[in-house]
Amino acid sequence: MSTAHPKAQLLEVSGVSVSFDGFKAINNLSFSIGPAELRAVIGPNGAGKTTFMDIITGKTRPDAGRVIWGPRSQSLLALSEAQIARAGVGRKFQRPTVFEDQSVEDNLMMALKADRRPFRVLFWRPESRDRERIAELAETIGLAGMLGRRAGELSHGQKQWLEIGMLLAQDPQLLLVDEPAAGMTPAEREHTTALLRSLAEQHAIVVVEHDMEFVRRLGCKVTVLHEGAVLAEGSLDHVTRNQEVIDVYLGR
Amino acid sequence: MTPSSRPSGLAALIRATPSLPWFLGALTLFTLLVTTLSEALGTGLVSTSFLKVLGMTLCFCLAALAMDLVWGYCGILSLGHMAFFGIGGYAIGMWLMYARTEAIVAESLANQLIPPTEAEIRDAIGAQIFGVVGASELPWIWGLAHALPLQLLMVVLVPGLLALVFGWLAFRSRVTGVYLSILTQAMTLALSLWLFQNDSGLRGNNGLSGLQNIPGFEALPQAQVALFFFWASALALGLGYLLFAWVVAGKMGGVIRAIRDDETRVRFLGYPVEGFKLFVFTLSAVVAGIAGALYYPQAGIINPGEIAPIASIYLAVWVAIGGRGRLYGAVLGAGFVSLVSTWFTGGGAPAIDLGIYRIDWVDWWLVLLGLSFVLVTLFAPKGLGGLVDLWTARQAPERHGSDLGPDEGALREPEAER
Chain D
1 MSTAHPKAQL LEVSGVSVSF DGFKAINNLS FSIGPAELRA VIGPNGAGKT TFMDIITGKT
61 RPDAGRVIWG PRSQSLLALS EAQIARAGVG RKFQRPTVFE DQSVEDNLMM ALKADRRPFR
121 VLFWRPESRD RERIAELAET IGLAGMLGRR AGELSHGQKQ WLEIGMLLAQ DPQLLLVDEP
181 AAGMTPAERE HTTALLRSLA EQHAIVVVEH DMEFVRRLGC KVTVLHEGAV LAEGSLDHVT
241 RNQEVIDVYL GR
Chain B
1 MTPSSRPSGL AALIRATPSL PWFLGALTLF TLLVTTLSEA LGTGLVSTSF LKVLGMTLCF
61 CLAALAMDLV WGYCGILSLG HMAFFGIGGY AIGMWLMYAR TEAIVAESLA NQLIPPTEAE
121 IRDAIGAQIF GVVGASELPW IWGLAHALPL QLLMVVLVPG LLALVFGWLA FRSRVTGVYL
181 SILTQAMTLA LSLWLFQNDS GLRGNNGLSG LQNIPGFEAL PQAQVALFFF WASALALGLG
241 YLLFAWVVAG KMGGVIRAIR DDETRVRFLG YPVEGFKLFV FTLSAVVAGI AGALYYPQAG
301 IINPGEIAPI ASIYLAVWVA IGGRGRLYGA VLGAGFVSLV STWFTGGGAP AIDLGIYRID
361 WVDWWLVLLG LSFVLVTLFA PKGLGGLVDL WTARQAPERH GSDLGPDEGA LREPEAER
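The listed protein sequences derive, respectively, from chains D and B. Note that the first sequence covers residues 1 to 252 in this note's numbering. Note that the second sequence covers residues 1 to 418 in this note's numbering.
Just chain D, same shape as in the assembly:
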């Protein structure tokens, strides 16, 4: 899977640059991922990992470059965050951001793929297949018995899972996952790895991670970012043998 030929890519980022007050956060970065591929993005702090995700999801507008999406080669740069999300890009944040005031069920219900326009939402009421889908998701993320609980009552790990569940409920084609294993117990990490790998059979997944052990277990192609550009790309063994990578990242 990691050797997929880049002719039918789902997302193609090319020559993207962005600077904040003169600081080049992303410097002529190019990146692409196929429709069913798992990719880990690693790099030291300040390498531009989060900014990279911000550009894809429309939060940050690049100064130069192109971001091309999907079979119709649509430019994501012209779309708003919400439009990009509706086009099929889902994002999971590093810090779990679930809506603590609302129940687990309501959190999942809100994420569930459906018409997002205000008047449609106003008149939307869950049908039995929506409830079944939510029950199924709750099963996957191990929160089946907790649908009625307030999300704020969950533990940190459970919130991480709930957010993964919300990501799945959106049914995106591309999942951007920022440090999914942060704050999880070893058993939860195992579960997360298995889930990501099985999802990658049908989805494109970009995982940003610090934890090398976790990346190793994902067993996928790795992209190393440094100073806003791609430093190396390939299998984990390949990139960890790269002298530049050792110098800037692993050697520290």
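These aren't lab readings, by the way, just hints derived from the structure by calculation. Bear in mind that the values here come from a model prediction, so they are computed numbers and not experimental data.
Below, computed lysine-lysine pairings styled on BS3-like, alpha-carbon distance capped at 27 Å:
1. Lys-113/D with Lys-59/D
2. Lys-59/D with Lys-251/B
3. Lys-382/B with Lys-251/B
4. Lys-113/D with Lys-251/B
5. Lys-24/D with Lys-59/D
6. Lys-221/D with Lys-24/D
Computed footprint of chain D on chain B, listed as stretches where at least three residues anywhere in the stretch have a Cβ under 8 Å from a Cβ of chain D:
7. 252-262
8. 269-278
Here a beta-carbon is modelled for each residue, glycine too, at the ideal position from N, C-alpha and C.
Put chain B on the given structure of chain D with help from the hints.
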């Protein structure tokens, strides 16, 4: 909870808003009680002027509900909502004044040998209404004032359109937080300053007066008119509560509360946040307009001072003291604070003589109100509505002993509590 156990329709609404039957029941009881004590139909223990105060208070409660939807549920601290309330009042006031003046003019011209033409009547009405500001012509904005249905439409349309345009401009530019609050203050200030001008076409600082006289019902005693408006206000409040309960019960409620808590996250879920804010802002402006249209015929007079920024700040204070983010909180706050305010400023509270200084509540009430606002914000952010939690918390499920984490390695309860 199994997927099929959730009820639908009214049952789901009550489940999502448990206060709904309680509130509607209490409102009905209150209305019946006041009716039996009124001068028109009851013992007369509630004087007509106090009945009007109660009716106006219900209108404030409705405006506070609208404020709660926008602020408590959606997190938009609008400090200009009384502008919409005032516009509703002006819209109905124009018809009330026009129709009454028309009757007076028709009566005085009836004795002439030649029957007056339509233009003559119009001119006479203009002179009568605008004499106080040295004008005699009816401005264009009075073009629809002769027709009650059209002017009633304006009660809803003008606040709605203003909110739509203002909201579209503000939300599209992603103005949030305190900057948005300042903008809404500027909006209500600009509107009030414009209305203060004599050539605004709405009688400048004189405002519109004599609104308590309902054209066509001159023969009806004020006691009955007041009772009618009290009923109408109670009905509007009940319907408003039902409407907002329905809006916040479903997924819409979830999305707008999510916007309040984390707007960016909602965008990444694919929701067009601006559209939702615009919907909420406009809906609440329309309801505030309706509340104003019911309020001013009971108050009898409206002038630009009613739209001054301070009025909208009061509205926010009521909602904060009552408890935002819960519908009954807004009603409690508006009802309690505005009635207490009437009592203090009306000389109801006895002055306190300290020997060296005499605390006169007419002057000191605002200090007390400001102080209680600060205290509530600091020490009881849930407001009066938080008192209800003391009761419901006793019925909440006991969760001691349930797991805190999904798997081994997570904290156990004794560790977590340490």
